[in-house]
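*Asks:* Chains A and B, in that order, give the protein sequences. Using our numbering, read the first sequence as starting at 1 and increasing by one per residue. Using our numbering, read the second sequence as starting at 274 and increasing by one per residue.
Source of the hints: derived by calculation from the structure; they are not laboratory data. Check before you lean on any hint, since a few could be wrong.
Claimed, not checked - Pair ranges (Cβ atoms, derived):
hint, chain 1, residue 1, chain 2, residue 2, range
1, A, S149, B, R442, 27 to 35 Å
2, A, P84, B, L282, 53 to 61 Å
3, A, R122, B, W438, 46 to 54 Å
4, B, R442, A, P84, 22 to 30 Å
5, A, G118, B, L329, 52 to 60 Å
6, B, V528, A, L31, 31 to 39 Å
Stated by the list, open to error - Anything over 12 Å on all C-beta distances counts as not near chain A; from chain B, calculated:
hint, residue
7, P278
8, D280
9, W285
10, L291
11, L313
12, P315
13, S361
14, G395
15, L429
16, S432
17, M450
18, E478
19, A488
20, Q490
21, L522
Said to hold, decoys possible - Among the chain A residues that face chain B by a calculated CB cut under 10 Å, a handful are:
hint, residue
22, G66
23, G89
24, A91
25, M94
26, P102
27, W103
28, E141
29, Y144
Don't be surprised by glycine CBs; every beta carbon is placed ideally from N, CA and C.
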Amino acid sequence: MAAAHPGAPLRAPLLSASHIDAFYVEDGQTLQALDDISFDVADGEFVALIGPSGGGKSTLLDIISGLYPQAGGEIAFDGAVLTPGQRLGHAAYMRQRDLLMPWRTALDNAALAIEVHGHSRREARAIARARFAEFGLAGFEDAYPAQLSGGMRQRIAFLRTVLAERRLLLLDEPFGALDALNRVALQAWLLALWERERQGVILVTHDVDEAIYLADRVIVLSPRPGRVVHIEPIDLPRHRTRDLVTSDVFLRHRAVLLDALGLLAPVEAGVPA
Amino acid sequence: MTPSPLDRLLRWVWPALLLAVLIAAWEIAVRLNDTPRWMLPPPSAVATSLRVDWRLLLEHTRVTFVEVLLGFALAFVAGILAGIAIDSSRIIERAVYPLLIASQTIPMVVLAPLLLIWFGYGLLPKVLVAALVAFFPLAVNTVDGLRAVDREILALLRSMGAGRWTRFRLAKLPAAMPAIFSGSRIAIAFCVIGAVFGELVGAKEGLGYLMERSASQFQTDRVFACILILAVMGVSLFSIVALLERVLLPWRRYVTDTAPTDA
Chain A
1 MAAAHPGAPL RAPLLSASHI DAFYVEDGQT LQALDDISFD VADGEFVALI
51 GPSGGGKSTL LDIISGLYPQ AGGEIAFDGA VLTPGQRLGH AAYMRQRDLL
101 MPWRTALDNA ALAIEVHGHS RREARAIARA RFAEFGLAGF EDAYPAQLSG
151 GMRQRIAFLR TVLAERRLLL LDEPFGALDA LNRVALQAWL LALWERERQG
201 VILVTHDVDE AIYLADRVIV LSPRPGRVVH IEPIDLPRHR TRDLVTSDVF
251 LRHRAVLLDA LGLLAPVEAG VPA
Chain B
274 MTPSPLDRLL RWVWPALLLA VLIAAWEIAV RLNDTPRWML PPPSAVATSL
324 RVDWRLLLEH TRVTFVEVLL GFALAFVAGI LAGIAIDSSR IIERAVYPLL
374 IASQTIPMVV LAPLLLIWFG YGLLPKVLVA ALVAFFPLAV NTVDGLRAVD
424 REILALLRSM GAGRWTRFRL AKLPAAMPAI FSGSRIAIAF CVIGAVFGEL
474 VGAKEGLGYL MERSASQFQT DRVFACILIL AVMGVSLFSI VALLERVLLP
524 WRRYVTDTAP TDA
């Protein structure tokens, strides 16, 4: 169990990561990816994880999902420490690539997790079909992924994640590959969805504005090896609207986070390599 | 981009035209040269043989056709099972794969007479020869196909809590289907050759047998009729497999990046 921080509720958090270390081997050298990472996610809490690329954010999600074993430390769900194998299937994990199966239609891709959880394909389809309109996908049920745009593929991947019906969502830069307009639209839409369903969320992003706009708390990781350098509770009301982006509170959070990322330090003049 | 109907028609027109020209040239050359019939019959004589001997030809075609289908069915089941076994275990892979490749260096000319000694003149040795030549492309393509699966899709399924069988059923097998089909197309054409070869070594019926008998009687026009039937059989079976692929894997029409190997 993670050391309880002051004011923490007595009920065990949805997810608790304590003292997580991870290593990887590259060119025969053992390098540290994560160094003593500890944080909690409460039930229904939206946490954003930001940090420089290569800082081990994706590795951390791999570890939480159970795909990759941590070298040290513990992961607990609802207070129970679980091995990597036991963690598999606990969280719904959306990786950076949409990972749609080219041989499945949009509908069957969205229904994948339901099928894995033991429902028949028929039932899985019925459940997925009922949500297609809400995800802006109506009419594309029978299309194959190769026929769809990047934005639509991403929404199918997201629907697949939501339909897994897990209490914790792990989202690894879900909007990273999209253009700015699609991105803003999908952020608003993710927020609306989450406000209704209220799963716990860990969102990995490199976009500070996205993190502040969406999250209850923003955790800042250092460059490799990833360490928690700052945790910023976001002081914005829930039911957030786009105009908050220009508010004083938003800008203050932004200044703090950019500073924590080391992006406010004076940049040395010179021609970029 | 799907080709227009005109494009599709033209794709057939050119080979058909070339074939017509070649046949006409053959007919004219044989007539002008006064080549003896037993040496090289003109296409018209082959056509006559097809018309006159159709009952005999049909009878032997049926025999060969059954051998081809049974041989392919056997190779299909065995090849896919072997492919799955090789893919599923490193030990099996290390033990079986080198032997499988080495077995391909044993010429069928050596093997077919042995099969004849062991299993007699009946249907079985022909089915076995057909199956043996078709086994290799099926097994190798199955292994390649199963390995072509996107590792991250397997990871996604694992993160959903999917076990080994579910991952196989939902990701590996569907990902392998294009390669299995491409192996099947080659394998079924190989089966025709295998069955005829088995018949040539020793048989009482089948197109291979009929060819040999007709050749020894200098009925060369009938030999050509047999060859023509075999060619049509091979192309038709190949096309049926290709058609099945189009129907069963409709998604392939939209994906062009993963080209399976034609081993």
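*Asks:* Would you mind marking each hint as holding or not holding in the structure?
*Replies:* Here is what the structure says about each hint:
| no. | hint | verdict |
| --- | --- | --- |
| 1 | S149/A / R442/B: 27 to 35 Å | holds (29 Å) |
| 2 | P84/A / L282/B: 53 to 61 Å | holds (59 Å) |
| 3 | R122/A / W438/B: 46 to 54 Å | violated (20 Å) |
| 4 | R442/B / P84/A: 22 to 30 Å | holds (23 Å) |
| 5 | G118/A / L329/B: 52 to 60 Å | holds (59 Å) |
| 6 | V528/B / L31/A: 31 to 39 Å | holds (36 Å) |
| 7 | P278 | holds (21 Å) |
| 8 | D280 | holds (21 Å) |
| 9 | W285 | holds (27 Å) |
| 10 | L291 | holds (35 Å) |
| 11 | L313 | holds (50 Å) |
| 12 | P315 | holds (50 Å) |
| 13 | S361 | holds (20 Å) |
| 14 | G395 | holds (42 Å) |
| 15 | L429 | violated (5 Å) |
| 16 | S432 | violated (4 Å) |
| 17 | M450 | violated (7 Å) |
| 18 | E478 | holds (43 Å) |
| 19 | A488 | holds (48 Å) |
| 20 | Q490 | holds (54 Å) |
| 21 | L522 | violated (7 Å) |
| 22 | G66 | holds (7 Å) |
| 23 | G89 | holds (2 Å) |
| 24 | A91 | holds (8 Å) |
| 25 | M94 | holds (9 Å) |
| 26 | P102 | holds (5 Å) |
| 27 | W103 | holds (5 Å) |
| 28 | E141 | violated (14 Å) |
| 29 | Y144 | holds (5 Å) |
Checked against the numbered hints given earlier, this structure breaks hints 3, 15, 16, 17, 21, 28; the rest are met.
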